[in-house]
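Chains A and B, in that order, are what the protein sequence lines are.
When we follow this note's numbering, the leftmost residue of the first sequence carries the number 9, and every step to the right adds one.
When we follow this note's numbering, the leftmost residue of the second sequence carries the number 32, and every step to the right adds one.
Think of the hints as simulated: they come from the structure by calculation, not from any bench.
Just so it is clear, CB atoms sit at the ideal spot from N, CA and C, and this is done for glycine as well.
Accuracy of the hints is not assured; some may be wrong.
Estimated spans, in silico, between C-beta atoms of each pair [to be verified]: (1) B:F282 with A:G111: 49 to 57 Å; (2) B:L264 with A:Q79: 35 to 43 Å; (3) B:K224 with A:R96: 23 to 31 Å; (4) A:A43 with B:N280: 27 to 35 Å; (5) A:Q30 with B:W44: 43 to 51 Å; (6) A:A43 with B:A213: 33 to 41 Å; (7) A:V134 with B:W44: 20 to 28 Å; (8) B:V95 with A:I32: 49 to 57 Å; (9) B:I129 with A:G139: 13 to 21 Å.
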Amino acid sequence: MPLVIGVLALQGDFAEHLQALQRIGVEGREVRRPADLEGIAGLIIPGGESTTIGRLLERFELVEPIRAFAQAGRPIWGTCAGLILLAREVVAETRARYQPLLGLLDVVIRRNAFGSQRESFECDLVVEPLGLPPLRAVFIRAPVVESVGPTVDVLARLPDGTPVAVRQGQLIGTAFHPELTDDPRFHRWFCSLATPAASLQSTA
Amino acid sequence: MAIPNGDIQQATWRTKVGLAQMLKGGVIMDVVTPEQAQIAEEAGAVAVMALERVPADIRREGGVARMADPDRILRIKEAVTIPVMAKVRIGHFVEAQILEALGVDFIDESEVLTPADDRYHIDKHAFRVPFVCGARDLGEALRRIAEGAAMIRSKGEAGTGNIVEAVRHLRDILDGIRRLAALPREELVTAAKELGAPYELVREVAEQGRLPVVLFCAGGVATPADAALVMQLGAEGVFVGSGIFKSENPFARAKAIVEAVTHYRDPEVLARVSRGLGEAMPGIDLATLAPEQRLAPRGW
């Protein structure tokens with residue numbers, strides 16, 4: 009049974025994640041409806057606009073199915089907007105008037121933490137499970153992790169100590185976008201957390 | 032929060048194109064007030080375009096259309112957390128400097144405003160903020176990218192509520208790409224000459240089979256079906272100008288267009304979201320427009 013990784017395709021740079029999966033020889037699948045979660049071993053929530061994706065998650069009834077997917081122990085990785093959506097909480101002054109969240113990852117997020125687009129940047133970043141050389145990390149109107157719960161590990165920090173990649177069991181969040189570079193390591197590592205779905209009991 | 036020290040590069044080409052990539056599969060809506068911006072965000076817009084007047088009103092009222100009042104832009108910026116874009120006149124690099132200083136997230140060098148320079152567009156590489164520009168065909172798109180545009184939108188005919196020009200321009204750009212991708216290498220220099228576009232970009236498009244930046248569609252989208260049409264043709268997202276706030280029920284229509292762009296290949300969803308929206312904006316038959324009333328030919 010080949011490994012199939014789903015990419016939430018409601019809005020954002022899901023095509024870039026699918027291309028990154030293709031480059032490492034992993035089959036990707038667009039997820040737009042609850043039925044699309046059937047038979048996938050892991051889920052990537054892409055970058056995009058978190059308020060938009062959050063509303064679409066609710067309108068197309070994906071919130072509970074994704075929570076069940078996580079509870080079944082299948083891995084989920086959120087990049088940027090995806091990290092925000094996974095989080096338990098967003099700092100009040102950076103929250104949209106209505107900001108739907110999946111609330112799975114025990115972190116507090118600060119949205120648009122560096123300011124507007126002119127402050128977007130890229131830098132070399134050491135990400136714990138990937139080792140050296142550092143990853144080229146692209147931050148676009150990026151969030152940061154303001155605080156983490158006791159079961160959350162920080163995988164990467166900016167030079168000033170700010171956490172920008174976290175892990176809580178099978179839940180991964182990054183404030184940056186590995187899918188925008190040619191470096192395959194993060195996608196490869198995420199796929200290594202997933203077990204082909206056939207060997208798991210269906211949660212439907 | 033300050034940006035940390037270390038090996039940091041700000042406003043790179045990758046961060047500029049990257050923001051456009053984050054907007055893909057989304058709807059960018061024209062707004063003129065903070066209240067409209069909040070309605071747009073509530074409906075699921077990925078960004079708003081802060082304007083003094085929507086294109087339909089510019090068309091009706093005439094006169095010189097300029098960059099929006101900075102106070103208006105800042106009030107809109109404060110009202111929402113999604114990216115805020117604003118338009119400058121073609122060639123008006125000082126309006127662009129002002130928008131960059133205001134912290135606008137994306138600048139649209141737009142034919143909808145009255146051009147400030149009848150020969151040159153802005154040198155967009157000189158800015159930290161990314162630019163989107165309109166194009167009617169592949170040559171025009173590649174000229175704008177050469178000047179530094181990090182995103183292209185097909186022009187359409189803004190403020191008409193008529194999708195025909197948007198479809199024409201989108202098809203012309205995509206046909207141009209498909210044609211280049213099929214050409215043997217030795218024909219690319221001549222193709223570059225005919226397109227009036229730099230050879231390096233022509234070669235890149237021929238090799239990749241796509242533009243090196245994100246391609247949205249603009250100018251005439253009035254219904255969820257219009258939005259899904261241009262998505263199925265190959266647009267990566269949609270700008271809606273007058274189509275929302277000139278319609279009978281802006282919130283319902285905005286929400287429906289957002290949902291149609293997500294599920295653009297799913298006729299059942301499209302049928303459902305297209306119901307109960309009230310009247311669309313009044314449309315204009317292009318045949319009734321005199322050549323000087325057309326906005327798309329502005330720019331070159």
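Hints, one by one, checked against the model:
no. : hint                           : result
1   : B:F282 with A:G111: 49 to 57 Å : violated (26 Å)
2   : B:L264 with A:Q79: 35 to 43 Å  : holds (40 Å)
3   : B:K224 with A:R96: 23 to 31 Å  : violated (58 Å)
4   : A:A43 with B:N280: 27 to 35 Å  : holds (31 Å)
5   : A:Q30 with B:W44: 43 to 51 Å   : violated (23 Å)
6   : A:A43 with B:A213: 33 to 41 Å  : holds (37 Å)
7   : A:V134 with B:W44: 20 to 28 Å  : holds (24 Å)
8   : B:V95 with A:I32: 49 to 57 Å   : holds (54 Å)
9   : B:I129 with A:G139: 13 to 21 Å : violated (46 Å)
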